[in-house]
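Protein chains in written order, with our numbering: chain A, 456 to 561; chain B, 22 to 253.
Incorrect hints may have been included.
[As the list claims (entries may be wrong)] With a straight-line Cα cutoff of 30 Å, these simulated DSSO-like cross-link-like pairs (lysine-lysine) come out:
#1 A:Lys510 with B:Lys78
#2 B:Lys54 with A:Lys545
#3 B:Lys78 with B:Lys54
#4 B:Lys237 with B:Lys224
#5 B:Lys237 with A:Lys520
#6 A:Lys484 with A:Lys518
#7 A:Lys545 with B:Lys184
By construction, these hints were calculated from the structure, which means they are not laboratory data.
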Amino acid sequence: MHKIGVIGDRASVLGFKAVGLDVFPCHDKDEAKETLHRIAKENYAIIYITEGLCKDMIEDIEKYKDERVPAIIPIPGMDGSYGIGLANLKKSVERAVGADILFGDE
Amino acid sequence: MARMNVNPTRMVLTNLKRKLVVAIRGHKLMKDKRDELMKRFLNLARENKVLREEVEKMLKEVYQNFAIANAVMSSEMMEEALMYPKQGVSISLDRKNVMSVDVPVFNFETETDDESDIYPYGFATTSGELDSTISRLNEVFPVMLKLAAMEKEASLLAQEIEKTRRRVNALEYIMIPRLEETIRYIKMKLDENERGNQTRLMKVKDMMIEEAILEKQRFDSECLEEFKAGKH
Chain A
456 MHKIGVIGDR ASVLGFKAVG LDVFPCHDKD EAKETLHRIA KENYAIIYIT
506 EGLCKDMIED IEKYKDERVP AIIPIPGMDG SYGIGLANLK KSVERAVGAD
556 ILFGDE
Chain B
22 MARMNVNPTR MVLTNLKRKL VVAIRGHKLM KDKRDELMKR FLNLARENKV
72 LREEVEKMLK EVYQNFAIAN AVMSSEMMEE ALMYPKQGVS ISLDRKNVMS
122 VDVPVFNFET ETDDESDIYP YGFATTSGEL DSTISRLNEV FPVMLKLAAM
172 EKEASLLAQE IEKTRRRVNA LEYIMIPRLE ETIRYIKMKL DENERGNQTR
222 LMKVKDMMIE EAILEKQRFD SECLEEFKAG KH
């Protein structure tokens, strides 16, 4: 059985605790990085990270990109969306096709 | 185009021809694979985008609700209310094979099935906003899982497409031209040898004929001498 983790600032992630996810509140990016690497080794199949923290640890997230698990998914935090999720998607499209052909028209 | 460094022999030529056939077939298969992957990937990416926007919108609502709940209640009470979750979620990990790409499939199970039973607190000290937040979050959560699976699939597919595309290009622009070039080179070389051989044979034949003619002439002149000597 695998678990689901949420990394983010305290205010954003508190609610996820109630629906049964494992919550790891982090104050800064160093703490978040450390937590990410620690729980990635454990039995977590999905790790959600709030975008506020995500934007400072993109290299660390890229490390897990080509592995089957964990899936690291950026979600918007309390402070709103930075568009990292869509940017990631765009990046995959660019990687696959060679050029951005899906979202270019926006 | 660089040709391979091989000996121009018939044996090597046969081997290379065989290799070329394999390379061409491989190229075709790879290309088909790439096209099919691309088709799936693009569909997936489109769906993915829609889903992500949906999740982001839903989460935004949740956060707004949560902010209101936070404002109404003291943060200590909030902490206390959410400290011990009642609901537990575990996911089982399956795998799905999409064009030989190993893609994870998440199936989740919640500990309590009853939707009204997820609130980890009594209703006395908490505000109604918190309830609606939690209930909304409970709705968002399955969509978030779907999003996670989809994004992972998209990124894995993207990786595979990149790999396949590289292989296709390597075959198309390097392997196949190089093989063709080498085969042409060996053919030329063999033809050249053949022609060299032919001229050599012709030359030898010429030399033999010349010798025979000289021999004949010598014989003739000897006969003539003899004849002249006999006559006198």
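Evaluation of the provided hints:
Taken as a hint, the Lys510 of chain A and Lys78 of chain B pair is honoured in the structure, with Cα atoms around 19 Å apart against an allowance of 30 Å. Of the pairs offered as hints, the one joining Lys54 of chain B and Lys545 of chain A holds, with about 22 Å between alpha carbons and a cut-off of 30 Å not exceeded. A hinted pair counts as satisfied when its Cα atoms are at most 30 Å apart, and Lys78 of chain B with Lys54 of chain B does not qualify at roughly 36 Å. Note on Lys237 of chain B and Lys224 of chain B: the hinted pairing holds, with a Cα-Cα distance of about 20 Å set against a maximum of 30 Å.
Restraint check for Lys237 of chain B and Lys520 of chain A: the C-alpha separation of about 91 Å exceeds 30 Å, so the hint is violated. About 16 Å separates the Cα atoms of Lys484 of chain A and Lys518 of chain A, which keeps this hinted pair within 30 Å; it holds. For the proposed pair Lys545 of chain A and Lys184 of chain B, the alpha carbon gap of about 18 Å is at most 30 Å, so the pair holds.
Hint violations for this structure: numbers 3 and 5, all remaining hints satisfied.
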